[in-house]
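Enquirer: Chains as they are written, first to last, in our numbering: chain A, 1 to 128; chain B, 129 to 616; chain C, 617 to 1063.
No lab work stands behind these hints: they were computed from the structure.
25 Å max Cα-Cα, derived SDA-like pairs, lysine to any residue:
#, chain 1, residue 1, chain 2, residue 2
1, C, K769, A, A52
2, C, K905, A, I70
3, C, K655, B, A358
4, B, K290, C, G791
5, C, K1040, B, R144
6, B, K560, C, E643
7, C, K1040, B, E178
8, C, K1043, B, W154
9, C, K1040, C, D1019
10, C, K1011, B, G435
11, A, K64, B, G520
A few chain B residues facing chain C, derived, Cβ under 7 Å:
#, residue
12, L173
13, P174
14, V181
15, M191
16, D196
17, A226
18, P228
19, A303
20, G405
21, G452
22, M454
23, L481
24, T557
25, Y609
Chain A residues, not near chain B, derived (Cβ > 12 Å throughout):
#, residue
26, Q3
27, D94
28, D107
29, S118
No residue lacks a Cβ here, since even glycine has one placed at the ideal position from N, Cα and C.
Below, each chain spelled out in residue letters.
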Amino acid sequence: MSQTVKGLYYSQTHEWVKVEGDEALIGITDYAQHALGSIVYVDMPEEDDELAAGGDFGAVESVKAASDLIAPVGGTVLAVNGDLEDSPALLNTDPFGTWIVRVKLSDSSELEMLMTASEYAAFCESLK
Amino acid sequence: MKYYDKLIFELSKEGRQGCSLPANGWPGDLGDIPQNLRRQNRPALPQVSEPDVVRHYTCLSGMNFGVDNGFYPLGSCTMKYNPRINEQVASLPGFSSAHPLQPDSSVQGCLQVYHELARALSAITGMAEFTFAPCAGAHGELTGLMIMRKYHISRNDLRRTKVIVPDSAHGTNPASAAVCGLQVVQVKSRPDGTIDVNDLKPLLDDTVAGIMMTNPNTLGLFETEISEIAELVHACGGLLYYDGANMNPLLGKVRPGDMGFDIMHLNLHKTFSTPHGGGGPGSGPVGVRASLAEYLPCPRVLPDGKGGFRIGREGELSAGRVSGFMGNFSVMVKALAYIWTLGKENIRMAGPLSVLNANYVKESLKDNYRLPVDRLCKHEFVFDGLADASSGITALDVAKRLLDYGFHAPTIYFPLLFHQSIMIEPAETESKETLDGFIEAMRQIAQEAASDPQMLRSAPHNTPVRRPDETLAATRPVLRYVPEVPDE
Amino acid sequence: MAFAYFPHTEEDIRQMLGKIGASSLDELYSDVSPEFIFKGEFDLPEAMSEMDIRRRFSEMAGRNRSLTVFCGCGAYDHYSPAVIAPLISRAEFLTAYTPYQAEVSQGTLRYIFEYQSMITMLTGLDCANASMYDGATAAAEAMMMSLACTRKKRRVLLSMTLLPQVIEVAETYAGYHGVELGYVPEDNGGTSLDGLREQLAEGDVAGVLVPSLNRYGIIEDLEGFADAVHAQKALLMVYADPSSLAVLRTPGEWGADIACGDCQSLGLPLSFGGPYAGYLACRQEFVRKLPGRIAGQTVDMDGRRSFVLTLQAREQHIRREKATSNICSNQSLMALYVTIYLSLMGPEGMREVNSLSYGGAHYLHDRLLGTGLFDEAFARPFLKEFVLKTGLPVKKLQQTLCDNGFFAALEVGEGLVSFCVTEKRTKEEIDALVSCVEAMKQHGNLT
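Turn these sequences into a full structure, and let the hints steer you where they fit.
Expert: Shown next as C-alpha cells:
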C-alpha cells in the first residue's frame, strides 16, 4: 500500500504539487517511485524554463524503466533540486520530502483539476 | 566457467607491440603534417605482445555461453545452430577482399549472392523483391516503415501518419515508428496476446498508414483472424507490415505474402541460422510485394540485361539510402548457404520441428509452471512464474538457477502482459534428449523453490560472477577503463 | 536420409507428438487456416551437401575479380593480423546472443567495455557506446542525438565534404524523422567556416556535422568551428576515421561534443561493404542521450568486478514511442575485431600504420603528377587518400585500370579522381599502377 500526504495536490500521472504562496514544489509520489524501482537518474529542466500543464518537463530513470515527468501545473522553473544529480535514490527513500522543481505558478486555477490525497489514494487503488 | 579478472589494459607494458609491420622506406613522414592538425599525445592503447592478446581473449571467451556451449532457449531470439560451413564460405577471399565501390563487372560473384538470396527468400516468404541494406531486425523495421510512408507520400496521401501496433508488440515496433516520424496507435490485445478485431475497427480511418504485426504473436500464438485484419486494413487504405522476428515456425510451412502482408523484414540471424555474434552483426532484409518494389532503398542489385548484374544507385520513388553500402554482405552469404543446404525438401521440416519442440516442452512443464494460455503454440510459449507461487520465487530466480544447470536462461519479464513472464523458444536444432535435460532441470528448480527458496534467490552459484549490481552500474556509470592511481 | 541439422528421429517425433496429444506434425498447424498452408513446391534447389556448397560458393567468389585496391571512399584496405580471425571465430563469442545474462556473458561485456575505452582514447571524448551498424548510420544517429540533447531545435547542418553515403543516409533519416537539414559549403576542398557562420546565423541549429578526414582525403582544419557552433548553443559533431585518430587531431581536441565514424578502417575486411561497425562517442554530459547498448563496470554479490549492460532505460525497448533511436543491437563481433586489432597494434603500431599509409600515398601522389596526366586539385594536407584533377575520360581510365588488376581512380566529382594507399601497398604495386597509366598514355588508349 503506497503512502500519500495530506495537503498536497496529485495528478493522474503520479506527480504531487505542494503550494507555497504563488510558488509550488513538484515531485513524484510514493506510488510512482514504487512502480519504477531503484531510481538511477533524473533528467531535469533548467531554470527559467516554462512548464505547461500536461507537458513533459523531464524524465525519471530506473534500472529497467524510464518515465516522463508530466507537469501537473504550468509555471516558470525557479529552481531544480541539485541534490538529485548525485542522489537520485532520494526519490525512492523520501518521495514526498524530495522535490524535483520549484515553479512560479502561472495559473493557480489549474490546481482545481488535480486530486486531493484521499482522491488520489482511491485512484491508485483503482489501478490495481 | 572460471573467473578471470583482467582487462587488456592491465596487461600493458611500455614498449610491447603485438603486430610487426613492414619497414618504412617512404620519403614522406607524418611530421610533414602541420602541427595543429596532429594529435598532441599518443592514445593510451594497450601495449601487449601477440601471445598476451591470444590468451586474454581466449580467457574472455571462456566466460561466455553460446549456442555451441549448450541449450539457449531465449524466447523471441531463435537461437538455432549456426553451421560452420556457412562461416567457411563467407570468408572466401574472393568475397572478403571485394571493395564495395569496385566496378560492377569485377564483383559479379557478390551481386549473384544478392540475387540468389533474394530469389530464395521470395520463394520462402511469397514476397516479390528484397533489399539487403538493413543491418539488423530493428533497422529492417525502420526501413519497412520508411517504404510504407514513402508509398503514401508519393500518392500525395499525406494524412496517413499513424501506425497501429499491438500493445504486446516487441518494443522496437513503436520505437521504429517514432524514429520514422509516425504516430503510434496501440491496439489492445486479448489476454492471449492476439489482436481483437473489434478493438481494431474503430482505429481504422484515412489517417492510418498501416499496421505492424508479428504472426505468431509475442506469446507464440497464431493470429487466427489474420485474413479479416488484412481485409480491414487494406480496405481503409493502409498497408500490413510483417515483423519477421517470429518467422521461424512458419519456415517451410506458411508464407507471409500469402497472408496478405505487403512489407516484411526477416532476421537472417534468427530464422536463417547466421550467428548472433554477441549482439551482431545481424541482417534485416526487407521484402515487399511487387507493386512496392520501386520504393525499396537504393542501391539495389538489378539484372544488367546481359545475363549478369548491376547496381542500381538511383530510383525516383526509392525510400532512400539506409546504410553506407549494401548491408552486411557476409551475413547474406551465410544465409544463402543455409537455405541451399536445407534445399526445397528439408526446409519444409524446419518450422514444424521448432513447433514440435516448443509444444513438447510446454506440455512437459505446464504442471510445474503457470501457463496462462493453454493452447497449441508455435515456436515459443510463455509461462507466468511457477505454478505454486507461494515461495515468492521470481522469473529472475528461475533464470539465474538455470545457469547453474548449464543452460542459458529463457527470456524473462517479456512480454509485459504477465508479471513473471518466462518465454521459452527451443529451436528445431535441439534434440529430444537436450529438451528432456532442460525439462528435468526446470522441474528440479520448481522443487527447489519449495524446499530451498533462499538458495534460488542467491543463484547462480557456479558462474564467474553472480548477479552484478545493476543499480550501482546505472547510478555511478563507469563506462571506460581508467587506470587506478596507486596509493601513496 | 537424415539431415545434419535436425536431430529428430522418427521415433523421437512419435514420442513427442504423443506427449502433446497430436497425431502428426501437420496437426500442430491446425490453428492456421488451411488456405495459408503452403502446398506448392518451393522454388529452391535440391538440398546441397557441404561439398556442393563449397563448390557453388567458390564458383561465385571466383566470379569476383581480385583487384589491388587503391581506393577508399569510406572502405579502406588495411591489413588484418592473422590472430584476429581465429579469436573472433571462437564459438563462445560467435554463437552467443546479446549479453542479457551478465553471469554467462562476461566475455562479451568485457570486450565491449575495452572497445568503448579504446574509442574514447582515439576520439578524445568521455564515453562511447558498444557500436552502431556502420559509419553512415552512426552519423544519422548522431544527428538525431543532437536534437535530443538540445531539445526544441530542429535543424542540423551537414558539411558538403562529408562522404556522399554519409550525407545520403543522414538525408533519409532526416526526411522521415522531421529534421531540417542545412548544408555547409565547400571551400577549396574543405568545409567553409564562413559558410558555417552564415548557416548558423539562420538559427535553430541543434548540431553541425563535419568530417575530420573528408571525402577528398583532406585533413580538415577545424580551428574556430567549436567556438562558432557553441556560440549558438549547438553541438559540434565530427565524423572521423578512427585509424587516423591515432595521429591526427582528435574530435576532443577540436572541441567536439560528439564523434562518429566507421571502424572498418581498424582492420575489418572489405567484405563488399559489410559487416562493419560504426562508432559513436560523446562528452560525459550527453551520455544519457547516447543511443544503443553500453557496457558498464560494477560489482557482483561477492564484491567481484563485473560488467553489465547499463543505462538501458534510455533504450527504445523501454521508452518505446518517445524513442529518438530504435537501435537495439550492436555490431558486437566487429567491435571485438576492432578491440583485438587495436590491442595488437598498440599506439606504436597505429602510428606505423598511418606513417606507412602516409608515405605510400604521397609517393603515389607525386608519381601520378609526374605522368603529366593529372593535376593537383586542392594542394591541402592529406593522410592516405587524395584526389587529382584530370582531363582524361574517367570511366575509361577506371575500367582500363580494372582490366589490368587495379581498383583505382574512382570518380568523386567532375574530372576528379580519388586514390588511396594503405600500409598494404608496396612500392612495386604503386610503380605497377603508375606504369599502367603511362602505358595507356603511350598507346593513346586514353582519349
